[in-house]
Amino acid sequence: MKKIEAYIRHDAFEPIRTELLEKGFPSLSIAEVKGSGRQKGVVEQYRGSSLTVNVRPKLKIECVVEDKDKSIVVETILRHARTGDVGDGKIFVIPVEQAIRIRTGEEGEEVLQAHSGAELPA
Amino acid sequence: MRRRYLGVAVALVAVALLALPGVAFGQDLALDRIKDLKGSIGEAADAVNTTWVIVAAVLVMFMQAGFLLLEVGFSRMKNVGAGVAKIFVNFSIASLCYWAVGFALAFGGAGELWGDSGFFLDVGSTAAEAGEQFPFVGLYGIDPAAFLFFQFAFCAVSVEIVWGTSLERIKCSAYVIYAIVFSAVIYPVISHWIFGGGWLQVNIGMQDFAGSTVVHLLGATGAFAALLLLGPRRGKYASDGKPRAIPGHSMPLVGLGVLILWLGWFGFNPGSTLGIFGDAAAGIGNRFAEVVLVTNLAAAAGVIAAVATMYGLRRTIDIGMAGNGAIAGLVAITAPSGYIEYWAAPIIGAIGGIIVVCGVLAIEKLLDDPVGALSAHGLAGIWGTLSAGIFTSPRFAEFNAVGEGGLWYTGSFDQLGAQALGVAVTFAAVFVVSYAVFALIKATIGLRVSPEEEDAGLDISEHGMYGYPEQFISPEEYPGGTPAAPAHAPATVSAIGAKRPSEA
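Those sequence lines, one after another, are chains A and B. Sequential numbering of the first sequence, starting at 19, is according to the numbering used here. Sequential numbering of the second sequence, starting at 902, is according to the numbering used here.
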C-alpha cells in the first residue's frame, strides 16, 4: 500500500478529483495548507506600508492505494496539476503499513478505494 | 436677525391657513385666526428651524456608526468587539457630561474664556427664557434642548476621533477617564472660544463654521497626546525601524463606515446654519442647502485627489486611502463650508485629499496611527481652518457676522492670520491638557494593556469575549459548531458511481 501525498494549486483539485473518481479512486482527503518553496511570497500594500506574506496557500491531497495503482494516481495528479510555472507543487509517495475501515473493522487492501454498490447506504 | 425670514414665514402661514378647516366656519373666525397666526409667525419659523437642527443632530449622531465601522474595519479580528464597547461607553459618557456641565461651559453666557450658567440645562424651556443664559439660543430662536443635543452630537464626534490612534492596545478604563474630562471640560471650553462667543470668535474673528478646528483638530490633538504616551502596536516596526503593514480585517466595513460619515456630514455642516432661512433681500439663498452641496463637492474631490496621489506615489489604488480621502475632504470643508462659494469647495477638498495621503505616509514612519486620524482629522483640520482665511467670500462673512473675506478676495492676510492663531492656540491648549491627563492615567492605572493581552486581542483580554467567536474557537469546541453532514446522509451520486479498479 502506498500513500500519495500531493501539494497542489487549489484550482487543480477539481479535475483531479473527477478523474480519480472515474478511474475508481473515490477515497481521498484534502487539507488547506500553507507553505513556502521556490515560489515567492505575496507583497501586500496597505496604507503606504508593505507586508510580505512568505507562505502561500496550497492544497494537500492524501490518497492511499494499492501498490499497483500508484502510477495511475500519480499520473492523474501530474497531468492536471502541472502548469509549467514555479509553484505547481510536489508529490510524495509513502509506504503504508496497515489500513483499517472503522465501520466494520475490516483490514487490508480491501478497504482502500472501491466501494461496491451494496456496501453503500441508499 | 429674525426679520430676514419674515417673508418666508408669512408664505408658510398662508399655506397652512388653506389647510385649516376652521377657515370655512366664517369670516370673523378666519380673521381672528390670521391675527393669532401673525403673532406667532416668529414662533412658526423658530419651530421649523428647531426641527432642522434636530434632524441635523440625528444625522451627526449617526456618525457614531460610521466611526464604529471605520475603526472596526481597520482593526484585526481579535479587536473588533472592543471598538463596539468603546463607542457605546464614550457616547454615553459624553451624553451625561455634556448635559450636566459641558453645555453651560460652552454656551452659557458670553464670557471670553468660558460660559458659567445653565448647568443641567436648568434654563426654562422656551428659547426666549433660555436666551437670557444662552445668548445663541435667543439669537437663533432654537429650543434650548435642540441646541444642546446638536452641540452634544459634535462633542461626541470629537471624542471618538481621539481614539482613532489608540486602537488595539489601549485599556478600556483609560478612555473612560479621558472621555469624562474631554466632554465636560476640554471640548466645551474650546468650543466656547470658537463657537460660543468666546475670545477667538469675537475678538479675533476666527471662522470655523462647523468645527475643522473645534471638532476635528481638537479630537486629533487628543489622539496625538494619547499616541505619544501609548507607543506603537506590537510588531508595527521591524527591528530595523521600518514600519510594517498591520492590515485591518475588513475593507467593506471601512467603506460602509466612510459612507455613513459622509452622510452624517450633511447634518454636521449644513446643520451648523442653525436654521433653514437665507436672506433673500441680501441675495443670499437658503444656506443649509448650499452647504450640503459644498460639503459633497469637497468630499468627492478629496477621494479623487487621495486616490490620484497614492497612485502617483505607490502605483496602487489604495482602498483605505480612498476612504481617508473622503474624510479629509469633509474635515477640510467643515470650517469654510458656511463661508465659501461653490468653486472653492473642490479645491479645498482636493488639497485635503493630497494632505491626508502625504500625512499618512510621513507619520507612518514614526507613529503608529491605525486609522490615519492624525492626518485625516488633524492635518486636514488645520488645512480646512486655514483655507477659510483664503477662500471666505466677503458676503458670507458679513452674513455670518464673523471675521471678513479671505486672501483671495481682499488681498489681506488678516483673516488667514486669525485662522492660524486659532489653530495654534487650540492645538497648544488641548495638547497640554490632554498630555497631562493621559500622563496621569499612565502613572496611575496604566494606559496600555500588557503585551500578552495585546497579542491575545482586546476582545478576550479586556472584554472577556470575542467579537468574532467562530474565528477563535475551533468548530469542535464550539457548541453545535461542527459543520459535518449527518452520519447517515444520503449517499452522493458520485460515490455510488465509483467502480472497483479491478472492474474498470
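There could be a bad hint or two in this list.
What the hints assert, rightly or not - Keeping only pairs whose Cα atoms sit at most 25 Å apart, straight-line, the calculated PhoX-like set for lysine-lysine is:
1. A:K41 with A:K88
2. A:K108 with A:K41
3. A:K78 with A:K108
4. B:K1137 with A:K58
5. A:K108 with A:K58
6. B:K1266 with A:K52
7. A:K58 with B:K1343
8. A:K108 with A:K21
Note that these hints are calculated values from the structure, not bench results.
Practice item. Below or equal to 25 Å on CA atoms is what counts here, so check A:K108 against A:K41. Key: 22 Å, holds
Review point. For the pair supplied as a hint, A:K58 and B:K1343, is the alpha-carbon distance within the 25 Å limit?
Key: Measuring from Cα to Cα gives roughly 44 Å; hence the hint is violated.
Point to revise | Pair hint B:K1137 and A:K58, alpha-carbon separation not exceeding 25 Å | key: Cα-Cα ~23 Å, so holds.
**Study point:** Given pair status - A:K88, A:K41, alpha carbons within 25 Å
**Key:** Answer holds: A:K41 to A:K88 is near 12 Å, not above 25 Å.
**Study point:** Pair hint B:K1266 and A:K52, alpha-carbon separation not exceeding 25 Å
**Key:** 31 Å, violated
Review point. Does the alpha-carbon distance linking A:K78 and A:K108 stay inside the 25 Å limit?
Key: Between A:K78 and A:K108 the Cα gap is close to 10 Å, so the pair holds against 25 Å.
Exercise for review: Would you mind confirming whether the straight-line C-alpha gap from A:K108 to A:K21 stays at or under 25 Å?
Suggested key: 14 Å, holds
Exercise for review: For the pair supplied as a hint, A:K108 and A:K58, confirm whether the alpha-carbon distance does not exceed 25 Å.
Suggested key: With Cα atoms ~16 Å apart, A:K108 and A:K58 stay inside 25 Å; holds.
Consistency with the previously given hints fails for numbers 6, 7, ordered from lowest to highest.
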